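K.L.:
Those protein sequence lines, which keep their order, are chains A, B, C and D. Under the numbering used here, the residue at position 279 of the first sequence is numbered 279, and the numbers go up by one with no gaps. The number in the numbering used here is simply the position in the second sequence, starting from 1, with 1000 added. The number in the numbering used here is simply the position in the third sequence, starting from 1, with 2000 added. The number in the numbering used here is simply the position in the fourth sequence, starting from 1, with 3000 added.
Calculated directly from the structure, the hints in this document are not laboratory data. Computed from a predicted structure; not experimentally measured. Where a beta carbon is used, it is the ideal one built from N, C-alpha and C, also for glycine. Warning: the hint list may mix true and false statements.
Calculated cross-link-like contacts (lysine to aspartate or glutamate; reagent style EDC-like; alpha-carbon spacing at most 16 Å) [to be verified]:
| # | chain 1 | residue 1 | chain 2 | residue 2 |
| --- | --- | --- | --- | --- |
| 1 | C | LYS2130 | C | ASP2055 |
| 2 | D | LYS3124 | A | GLU74 |
| 3 | C | LYS2149 | C | GLU2043 |
| 4 | D | LYS3149 | D | ASP3030 |
| 5 | C | LYS2149 | C | ASP2030 |
| 6 | C | LYS2124 | B | GLU1074 |
| 7 | C | LYS2130 | C | GLU2140 |
| 8 | D | LYS3124 | D | ASP3003 |
| 9 | D | LYS3130 | D | ASP3065 |
| 10 | D | LYS3103 | A | GLU74 |
| 11 | D | LYS3130 | D | GLU3043 |
| 12 | C | LYS2130 | C | GLU2094 |
| 13 | D | LYS3018 | D | GLU3094 |
| 14 | D | LYS3130 | A | GLU74 |
| 15 | C | LYS2018 | C | ASP2065 |
| 16 | C | LYS2018 | C | ASP2079 |
| 17 | D | LYS3149 | D | GLU3051 |
| 18 | D | LYS3018 | B | GLU1078 |
| 19 | C | LYS2149 | C | GLU2032 |
| 20 | C | LYS2130 | C | ASP2065 |
| 21 | C | LYS2130 | B | GLU1074 |
| 22 | D | LYS3103 | A | GLU78 |
| 23 | D | LYS3130 | D | GLU3094 |
| 24 | C | LYS2103 | B | GLU1078 |
| 25 | D | LYS3018 | D | ASP3079 |
| 26 | D | LYS3130 | D | GLU3140 |
| 27 | C | LYS2018 | A | GLU429 |
| 28 | D | LYS3149 | D | ASP3003 |
| 29 | C | LYS2103 | B | GLU1074 |
| 30 | C | LYS2149 | C | GLU2051 |
Facing chain D, from chain A, some residues (calculated, C-beta under 7 Å) [what the hints assert, rightly or not]:
| # | residue |
| --- | --- |
| 31 | ALA65 |
| 32 | ALA70 |
| 33 | THR276 |
Chain residues, written in single-letter form:
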Amino acid sequence: MISTSSSSVGSLSRYRADFPGLQPEVNGEPLAYLDSGATAQRPSAVLDVERRFLETTNAAVHRGAHTLAALATEAYEEARETVARFVGARSSDEIVWTSNATDALNLVAYGMGNATLGRGGPEASRFVLAPGDEILVTEAEHHANLVPWQELAARTGATFRYVPVHDDGTWSIDDAAAALTDRTRVFAFAHVSNVTGHVAPVAELAELAHGVGALVVLDACQSAPHRALDLVGLGVDFAAFSAHKMLGPTGIGVLWGREELLDALPPFRTGGSMITTVTMESSSFLPSPARFEAGTQPVSQSIALAEAVRYLERVGLEAIDEHEARLGQRLVDELGALPGVRVVGPASGVARAGLASFDVAGVHAHDVGQFLDAQGIAVRVGHHCAQPLHRRLGLTATTRASTYLYSTDDEIDRLVQGVSEVRAYFGAE
Amino acid sequence: MISTSSSSVGSLSRYRADFPGLQPEVNGEPLAYLDSGATAQRPSAVLDVERRFLETTNAAVHRGAHTLAALATEAYEEARETVARFVGARSSDEIVWTSNATDALNLVAYGMGNATLGRGGPEASRFVLAPGDEILVTEAEHHANLVPWQELAARTGATFRYVPVHDDGTWSIDDAAAALTDRTRVFAFAHVSNVTGHVAPVAELAELAHGVGALVVLDACQSAPHRALDLVGLGVDFAAFSAHKMLGPTGIGVLWGREELLDALPPFRTGGSMITTVTMESSSFLPSPARFEAGTQPVSQSIALAEAVRYLERVGLEAIDEHEARLGQRLVDELGALPGVRVVGPASGVARAGLASFDVAGVHAHDVGQFLDAQGIAVRVGHHCAQPLHRRLGLTATTRASTYLYSTDDEIDRLVQGVSEVRAYFGAE
Amino acid sequence: MSDALAGLYQQVILDHAKARTGDRELPGADAEHYERNPTCGDEITVRVVMEPGTDTIRELAWQGDGCSISMASASVLADIAPGLTLAELAERTEAFRGMMRSKGAGEPDEDLLGDAVAFQGVSKFVMRVKCAMLSWVAAEACSTQLVAKVR
Amino acid sequence: MSDALAGLYQQVILDHAKARTGDRELPGADAEHYERNPTCGDEITVRVVMEPGTDTIRELAWQGDGCSISMASASVLADIAPGLTLAELAERTEAFRGMMRSKGAGEPDEDLLGDAVAFQGVSKFVMRVKCAMLSWVAAEACSTQLVAKVR
Ligand SMILES: Cc1ncc(COP(=O)(O)O)c(C=O)c1O
Ligand SMILES: Cc1ncc(COP(=O)(O)O)c(C=O)c1O
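Based on the sequences and whatever the hints tell you, model everything.
P.N.:
Written out as structure tokens, the structure is:
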């Protein structure tokens, strides 16, 4: 049952020691952390940089003129530049800090909703939704890229539509072409599915959507951490991702947008640091990114995220992508070969991210997860915030193993071995 | 010019060593950090607890069943209980994590806006605003408790009104009584003004507002960090504050609300972790607090905030309040006694928080701040996110010194000495 | 297999999860309640038939989808319930809840809970407590309906 | 007083901040622009009168409210501008901006910038750079208006 691992064994294993979060024992076994799709562990370098900032230059940014405030503001804006470079933004003004990816997607949806309610002046008219206008997502979306659009449709009277998925949970460019109409105003989809590992052909989809005049919103949560991104090159209009999935902290996410769009989109949250003039009659707002960063910003988190990005660059995004793609293929091949195990998503040999969700016949995902946890193997069980997709697959829950740069072949071995034993334990054979 | 300090000198000074952020030298001088009203420094205990969590039990919460996820979820919910106890909530379900206080205030405003747009079902009808309904704030509000309400009014057609302030920037219960009408649906005001240090008589105001059927939203940003709060006892409906002003991290704020209100208020952000059922047709939502915590939560930040709260409790909120009230009186007395210096807000002897904003005749606040910074004294200059108040005071900017439990009489001495020299330097005498 | 796992999945639980008592429709039920755990998607509908004119349960049945803990717990409940008055069921529900909140500590009352004491080990697994409680919470809601009817 | 402060507040700056050149209305201006620094609230209106039929500045005046850096910078600008063509002003504006971005490094061109080189020290104070630039940015906007008019 245990596959001996391939040529590139341990190619990235030297980085493991950088991650204290991987070191604990769980239930007397070494931890095999296969839940990085939910949240990643963080290298000491990231923890150190954040702490050093807090111990030496902690101050409010963009609000004070004293030395600490100036140093903090500089570090904060340098972090923005680092992330801008990382995802191929035209300028750091295209990078907006949010609280997570969910918040970033809500920001765009609420911005459009506010435009529809007459906020934002004439330049916001491009975001106004009229009844009959369509908002398009896919049936495979994470709730974060689904419910905000559904709610926007409900608030504005626009029509909420979706690209249906096939029996394996994937969808193709033809499916998208069939669903896009000349009333489609927004097409929102995930670059990489957090359930199936399916990789969307973003550039082609963006071209198609722009052909009907739709804005393209990319959920980059499962791609930004794992592969080199060139958002401008991909041709999308907005993109969202979360720091905590890419070695950074919770409490901070990123919205990237084309600058002219961000400057035209009405604000979402309002308050301090995002205004030009406030009177008791009305207020006016700064351009992006300050426009969207109301209140005290996630300062130390931005600085930690920038260090996470530098760490990822030191390891190399290509090496990470290659390593995980190989582990992903191992998952689909080896789990799929076990009797009674059904892996959802792309078949063996087809491009997929380094994750696999699977169903074990006769054993509920919760029990599978618990059984593996007793062996120190951390996987996620449930609907992975994608209920419609699971419903379409005829499942209420799956077990998901997801990898990162620090994942090892040995961990995959242990997982496959564990899953091979689970049906017998629960008498499901 | 230098006042020797009073009886309780150094009563809290033993805590200073706990704060690495107070130790740096600035411009060759020991740092005198008098900008805690913007953001506080953090004790090592808070940094340590967050780091220990990240190194040993970092995982996504409310999403996984594996051991780390269970431990992380437990720590996360314990943090909520700690904060609930700290502010006198009825249960931890009344504590919602947000990204900062601004976000918390926007949450309430958007919840009401969404109710007005027909979201949230019949139980949300109490939040629906009709044209002619009034939203009341005060002229002294921070932009965070002003612009969201102004925007809500603009989106819904409700009328935005305000309690005017007196020449010193304060307002009284009579002023509020005169402004409340039977159309007032929301009355939002700060417990403690971040500019004047004025302390509002919250319980009386809440009773008055409830008398006309208005909801009471308390901006507790400048009170929660500094004095014992009993939100239920004060009788307000919602309250907002930020962790970073109370020894905790950026990236997390708190909305407290009465449970039945929170459960009835339509969601703000939507996405993962806040739904019960999602279909491609519609979604339904969890009760509070999950209802309002879409996406991956500020996990490590919540744990750090709980430690900050425990730290504050160890020092003792009464001791903190007393210490700062004394420093606040020193500020108004000694700065106010300098020729050409005008301290805004309550007069000497009247209750005020441990902060003072002042104008120096003939010298712009920016120059005052820079002059002090050269002596290692960090103060904030500008409108402090309260432009309408400054306009009313006939000023565009003031210099603000704000204290915390770690502030010392020596720092006040240095400040007063510095301010006494500033007019001569800029030839303004 | 590890001790931790054996503590959770007592043989009683594994057996009940497979050979389920009361996993069926119940036509003519006097009360019915659907309960769902949104975190993991477990769901259950509990139905109760009463001895006519009394407050004694004749039969409790359920239909649901979920993990072995939630299914086994419903099965044990369906074993225990018949013959109990609503007050007696409430007493057992409280005892079960108390056990579930004990985090592995405390001595459950075997006379009161019968086979349900096998779930004592679940209380150490905070994330699974809701699974074990699911059918009991649904039965509690049925009771509330029935009491309201009587009044 | 500390060296840091002396580096920022050159005597030239302190003098200009007090005895301000060009701080007045300018009736019949050919161009006018209002500029504001939202962070600190500094604001300025710059007005320009041209030599009729040429692209040479006759006079530059301003009115505003702000810190000594922004007021002194406007004053120095009002000293420098008269007699310059719009192109020459643009050249000086670029040189001033370059100096402001230098973070204290670099040797500003004294022939080109005159008294404005006193602002070299400001470039080390990132938060104050916008103050120094305020009037120059407003003048740049006036130039843009004037060039557009000529076309
Ligand atoms: C009175 C008051 N209200 C609201 C805020 C906003 O808090 P935050 O910026 O943390 O959202 C502040 C602090 O900036 C404040 O002092
Ligand atoms: C594909 C995808 N989209 C969106 C999200 C939401 O990210 P967050 O919870 O950090 O907002 C996630 C992760 O949970 C995800 O995997």
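K.L.:
Give a verdict on every hint.
P.N.:
Results for each hint:
1. As the CA atoms of C:LYS2130 and C:ASP2055 are separated by approximately 27 Å, the hinted pair breaks the 16 Å bound.
2. Between D:LYS3124 and A:GLU74, the direct Cα distance comes to roughly 12 Å. Compliance with the 16 Å bound is thereby established for this hinted pair.
3. At roughly 25 Å between alpha-carbon atoms, C:LYS2149 and C:GLU2043 are farther apart than 16 Å, so this suggested pair is violated.
4. For a cut-off of 16 Å, the pair hint linking D:LYS3149 to D:ASP3030 stands: about 9 Å separates their Cα positions.
5. Proposed proximity of C:LYS2149 and C:ASP2030 is supported: the alpha carbons are some 10 Å apart, at most 16 Å.
6. At most 16 Å may separate the alpha-carbon atoms for a hinted pair to count; C:LYS2124 and B:GLU1074 meet this at roughly 12 Å.
7. For the proposed pair C:LYS2130 and C:GLU2140, the alpha carbon gap of about 14 Å is at most 16 Å, so the pair holds.
8. With a C-alpha separation of about 12 Å, the suggested pairing of D:LYS3124 with D:ASP3003 holds against the 16 Å cut-off.
9. For the given pair, D:LYS3130 sits about 14 Å from D:ASP3065 by alpha-carbon distance, which is consistent with the 16 Å threshold.
10. With a C-alpha separation of about 12 Å, the suggested pair D:LYS3103 and A:GLU74 falls inside the 16 Å cut-off, and the hint holds.
11. As the CA atoms of D:LYS3130 and D:GLU3043 are separated by approximately 11 Å, the hinted pair is consistent with the 16 Å bound.
12. Proposed proximity of C:LYS2130 and C:GLU2094 is supported: the alpha carbons are some 14 Å apart, at most 16 Å.
13. With a C-alpha separation of about 26 Å, the suggested pairing of D:LYS3018 with D:GLU3094 is violated against the 16 Å cut-off.
14. As the CA atoms of D:LYS3130 and A:GLU74 are separated by approximately 14 Å, the hinted pair is consistent with the 16 Å bound.
15. Between the alpha carbons of C:LYS2018 and C:ASP2065 the distance comes to roughly 13 Å, so the proposed pair stays at or under 16 Å and holds.
16. A distance of roughly 14 Å separates the Cα atoms of C:LYS2018 and C:ASP2079; the hinted pair therefore holds under the 16 Å criterion.
17. Using a Cα cut-off of 16 Å, the hinted pair D:LYS3149 and D:GLU3051 holds, with the two alpha carbons roughly 14 Å apart.
18. Simply put, D:LYS3018 and B:GLU1078 have alpha-carbon atoms about 59 Å apart, too far for the 16 Å limit, and the pair is violated.
19. The straight-line distance between the Cα atoms of C:LYS2149 and C:GLU2032 is roughly 13 Å, inside the 16 Å bound, and the hint therefore holds.
20. Between C:LYS2130 and C:ASP2065 the CA atoms are separated by roughly 14 Å; this keeps the pair inside 16 Å, and the hint holds.
21. The straight-line distance between the Cα atoms of C:LYS2130 and B:GLU1074 is roughly 14 Å, inside the 16 Å bound, and the hint therefore holds.
22. For the suggested pair D:LYS3103 and A:GLU78, the alpha carbons sit about 15 Å apart, so the restraint of at most 16 Å is met.
23. Distance check on the hinted pair: D:LYS3130 and D:GLU3094 sit about 14 Å apart at the alpha-carbon level, within 16 Å; holds.
24. Restraint check for C:LYS2103 and B:GLU1078: the C-alpha separation of about 15 Å stays at or below 16 Å, so the hint holds.
25. A distance of roughly 14 Å separates the Cα atoms of D:LYS3018 and D:ASP3079; the hinted pair therefore holds under the 16 Å criterion.
26. With a C-alpha separation of about 14 Å, the suggested pairing of D:LYS3130 with D:GLU3140 holds against the 16 Å cut-off.
27. Taking the CA atoms of C:LYS2018 and A:GLU429, the gap is near 12 Å; set against the 16 Å cutoff, the hint holds.
28. Our distance criterion of 16 Å between C-alpha atoms is broken by D:LYS3149 and D:ASP3003, whose separation comes to about 47 Å.
29. Under the criterion of a C-alpha separation no larger than 16 Å, the hint pairing C:LYS2103 with B:GLU1074 is consistent with the structure, at around 12 Å.
30. Restraint check for C:LYS2149 and C:GLU2051: satisfied, since their Cα atoms lie roughly 14 Å apart, inside the 16 Å limit.
31. For A:ALA65, the shortest C-beta to C-beta distance to chain D is roughly 5 Å, which falls under 7 Å, so the interface hint holds.
32. Restraint check, A:ALA70 versus chain D: the minimum CB separation of about 5 Å is within 7 Å; hint holds.
33. The closest approach between the C-beta of A:THR276 and any C-beta of chain D is roughly 4 Å, which is under the 7 Å cut-off, so the hint is satisfied.
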